[in-house]
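4 protein chains.
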Amino acid sequence: MLLPSLREQVLHANQEIARRGLAPHTFGNASGIDRSGDRPLVVIKPSGVDYATMTPADLVVTDIDGNLVEGSLRPSSDLDTHTLLYREFPQIGGIVHTHSEFATSWAQAGRPIPCLGTTHADYFHGPVPVTDPLSADEVEEAYVRNTGAVIVRRFRRDNLDPLALPGVLVAGHAPFTWGKTPAQAVEMADVLEYIARLAFRSVLLGAAEEGIPGYVRDHHYQRKHGPRATYGQS
Amino acid sequence: MLLPSLREQVLHANQEIARRGLAPHTFGNASGIDRSGDRPLVVIKPSGVDYATMTPADLVVTDIDGNLVEGSLRPSSDLDTHTLLYREFPQIGGIVHTHSEFATSWAQAGRPIPCLGTTHADYFHGPVPVTDPLSADEVEEAYVRNTGAVIVRRFRRDNLDPLALPGVLVAGHAPFTWGKTPAQAVEMADVLEYIARLAFRSVLLGAAEEGIPGYVRDHHYQRKHGPRATYGQS
Amino acid sequence: MLLPSLREQVLHANQEIARRGLAPHTFGNASGIDRSGDRPLVVIKPSGVDYATMTPADLVVTDIDGNLVEGSLRPSSDLDTHTLLYREFPQIGGIVHTHSEFATSWAQAGRPIPCLGTTHADYFHGPVPVTDPLSADEVEEAYVRNTGAVIVRRFRRDNLDPLALPGVLVAGHAPFTWGKTPAQAVEMADVLEYIARLAFRSVLLGAAEEGIPGYVRDHHYQRKHGPRATYGQS
Amino acid sequence: MLLPSLREQVLHANQEIARRGLAPHTFGNASGIDRSGDRPLVVIKPSGVDYATMTPADLVVTDIDGNLVEGSLRPSSDLDTHTLLYREFPQIGGIVHTHSEFATSWAQAGRPIPCLGTTHADYFHGPVPVTDPLSADEVEEAYVRNTGAVIVRRFRRDNLDPLALPGVLVAGHAPFTWGKTPAQAVEMADVLEYIARLAFRSVLLGAAEEGIPGYVRDHHYQRKHGPRATYGQS
Chain A
2 MLLPSLREQV
12 LHANQEIARR
22 GLAPHTFGNA
32 SGIDRSGDRP
42 LVVIKPSGVD
52 YATMTPADLV
62 VTDIDGNLVE
72 GSLRPSSDLD
82 THTLLYREFP
92 QIGGIVHTHS
102 EFATSWAQAG
112 RPIPCLGTTH
122 ADYFHGPVPV
132 TDPLSADEVE
142 EAYVRNTGAV
152 IVRRFRRDNL
162 DPLALPGVLV
172 AGHAPFTWGK
182 TPAQAVEMAD
192 VLEYIARLAF
202 RSVLLGAAEE
212 GIPGYVRDHH
222 YQRKHGPRAT
232 YGQS
Chain B
2 MLLPSLREQV
12 LHANQEIARR
22 GLAPHTFGNA
32 SGIDRSGDRP
42 LVVIKPSGVD
52 YATMTPADLV
62 VTDIDGNLVE
72 GSLRPSSDLD
82 THTLLYREFP
92 QIGGIVHTHS
102 EFATSWAQAG
112 RPIPCLGTTH
122 ADYFHGPVPV
132 TDPLSADEVE
142 EAYVRNTGAV
152 IVRRFRRDNL
162 DPLALPGVLV
172 AGHAPFTWGK
182 TPAQAVEMAD
192 VLEYIARLAF
202 RSVLLGAAEE
212 GIPGYVRDHH
222 YQRKHGPRAT
232 YGQS
Chain C
2 MLLPSLREQV
12 LHANQEIARR
22 GLAPHTFGNA
32 SGIDRSGDRP
42 LVVIKPSGVD
52 YATMTPADLV
62 VTDIDGNLVE
72 GSLRPSSDLD
82 THTLLYREFP
92 QIGGIVHTHS
102 EFATSWAQAG
112 RPIPCLGTTH
122 ADYFHGPVPV
132 TDPLSADEVE
142 EAYVRNTGAV
152 IVRRFRRDNL
162 DPLALPGVLV
172 AGHAPFTWGK
182 TPAQAVEMAD
192 VLEYIARLAF
202 RSVLLGAAEE
212 GIPGYVRDHH
222 YQRKHGPRAT
232 YGQS
Chain D
2 MLLPSLREQV
12 LHANQEIARR
22 GLAPHTFGNA
32 SGIDRSGDRP
42 LVVIKPSGVD
52 YATMTPADLV
62 VTDIDGNLVE
72 GSLRPSSDLD
82 THTLLYREFP
92 QIGGIVHTHS
102 EFATSWAQAG
112 RPIPCLGTTH
122 ADYFHGPVPV
132 TDPLSADEVE
142 EAYVRNTGAV
152 IVRRFRRDNL
162 DPLALPGVLV
172 AGHAPFTWGK
182 TPAQAVEMAD
192 VLEYIARLAF
202 RSVLLGAAEE
212 GIPGYVRDHH
222 YQRKHGPRAT
232 YGQS
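From first to last, the protein sequence lines stand for chains A, B, C and D. The numbering of the first sequence is my numbering, which starts it at 2 and goes up by one. The numbering of the second sequence is my numbering, which starts it at 2 and goes up by one. The numbering of the third sequence is my numbering, which starts it at 2 and goes up by one. The numbering of the fourth sequence is my numbering, which starts it at 2 and goes up by one.
So here's chain A without its partners, still in its complex pose (with noise of 0.2 Å):
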């Protein structure tokens, strides 16, 4: 069986994304990528698979343009999201979609979640962005790796670093959130969840949309994630 340290990774992010309630049913799914070989390899969950009974075994490994390389089942219908987001952001290593209630939200809302608050730039150097709408072409053409294009679209126009904001709203859809692992991504999904429940509150009781000052938010996000990061134990 290929890449056992990654499918226990790759499974361990889909149970946590059921423990946490990022997703009801079976909505939601996670991936990592291994890219240490010539050819990279992703491994994903399995389409419809309740995630109490997923074993490592039912985990799918496709090529980075999704080709079947080891697997029975059939890998995620999002598939062709997550190859393309590991094609275009090659820092990334782990990508969770859940359907999340507040960030999912805020996503239906179409509005980028604002950075009213420190923990918001611990994690989110700015605003959560949300994506275009796909046109009615993209989703006839190809719905699943064009939702995969809107997003590096959104971050193309404004440059946008995907670590540095390591998550995006797919608009009328749900959040994509990615890390440099598996279990980074989980991680910030759930963070993303808790600051969308946080901002959709502060928002009701009248936040000004332009949140917290720049020089804030550079502080946060540098203490977490500088060169000078003073945060936890090192």
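Quick caveat, the hints were computed from the structure, so don't treat them as lab data. All of these numbers come straight from a predicted model, not from anything done at the bench. You can trust all of the hints, since none of them are fake.
For identical chains, the list gives no copy identity; a pair is met inside one copy or between any two copies.
Keeping only pairs whose Cα atoms sit at most 20 Å apart, straight-line, the calculated EDC-like set for lysine to aspartate or glutamate is:
id : residue 1 : residue 2
1  : K181      : E89
2  : K181      : E9
3  : K225      : E142
Dock chains B, C and D against the given chain A, drawing on the hints supplied.
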């Protein structure tokens, strides 16, 4: 005892209402219909009995006009709504009525739930409709049966397909959902509550009432229900 | 020990307040009254004692004017509200005071809870009333007793029936509910919180303040409480 | 090992933060101070350590200026806020910082929590204040210490009593609460979250910003904290 298998299914659907928190106390009920014989038979929850202690033998069997066929307990007080729906929607095999909190809040506001996202579109092919209020005469004449009648009238008016829109909000009351089986009906009740929660928050965040484009809605509905469904293991 | 059975009922009602999450910490209290003797006796929760460890012997017995009859602990600091309500509403046998979150939020907003749906109408035959604020003199003179007085004044002003409207919101404070027994009073506290949650969301979705038509309200109230009640096994 | 009893209290307060759901992940921290000796000593949570596995020996002891006295782990990154508050508010003995959801939402909105009800008044004798944002210079110079400085400045400006208002919202960040002991500080954190939830909903329902009359607020605060407190068993 008639229909032991359908009794089990209906009992299970009633228990799921409680387990998923879709109705406090004993608000809510599930039924199923066996249309295989000459005389279709309905199995329904008894009135005011605790979900926790209910057994298959407690369920009540009636014909499609609500005449008692088997059972020593009084049937759910909503029986006449169920039987009218079974008569008018021959394609359905199970019905669930809940007082789930967010769906009921939309029903109380008299507002259809707009189709704001792909999760909604995966299950409901358009806004979740809301009935007209019952008139004073309808309440006086036959309140429970006419609750079914206003549902049917709403579907007839816009020529809605009960399987493409497997649920409705009764204005000032609460939701009914249905499906080919009692299990599907209770799953729709759960999904309806989920999309009602999402839509509540999205609307407060300013989501446009018209929701996602028709071509996205069609794509999602078809991928779960169309002849070339791609979701899950087939 | 006086009134062992009523002590059990009042203890149980107090424990239900905690079990159903209707009051954090030790906010909240339940009482009952035995009107069978020449001198009616009230059983009430002691002040500031943890629900988890309370025993029947911890409860305090007073007469209907609040004079201590039996008990070594100090009675609930809200005793004088309870006794005034027992004196003024002779048809009630149990009272519950909670700080349940949504009912308290309406009380803090000083807004009656409109009757927006049939669940509301099943238990409260009209909007849940809200009292006037206490005046400075009323606070100064006898704050707790006058909390009861503003409740009674509110019911007298519109000639409201305490059994048809088994609860009230004290403006800027929290709800009181009651019933024929302590068990009914705590059930009303639970229902009130449920309808307060629904109404909160319905109002944010734009529900009309006037609520459901009077003929629907009457129908629902009568089917649970009228001479020809059709709900439950009789 | 220094201060074994205070270590236990501070550990317990940190665990309560997690148990009561006041901070996700390891956001949040509690400390206590022993002022009995010539050199007051502060006990504080280590940075980024899981609440579930923390032991008394993991806690860090510093002097009131934050100089390490005992401990092998790095202290909480918020240490300098705690020590500044201990220096400036000599009447307090414990401090808790959380990211509890509703209090943080108010902090992100930059809005004080109005005193809308008696539960609020029982614990906070007026609106919960919100600080000014830190200036760019304050962030640059000493972000964590200046977080304490803006708190103190807010209290000095209106001559607020830290024991009558045992908490504050740091604008764009989250709440700090305190008390005579670490246990009191964490109880205030819990109460603050509760009143933040109530006030959020009351404000959406249109509660008047000025809140309950001053004479009610005074009555409630005095009955819990005044010389003739009537609540609980004394």
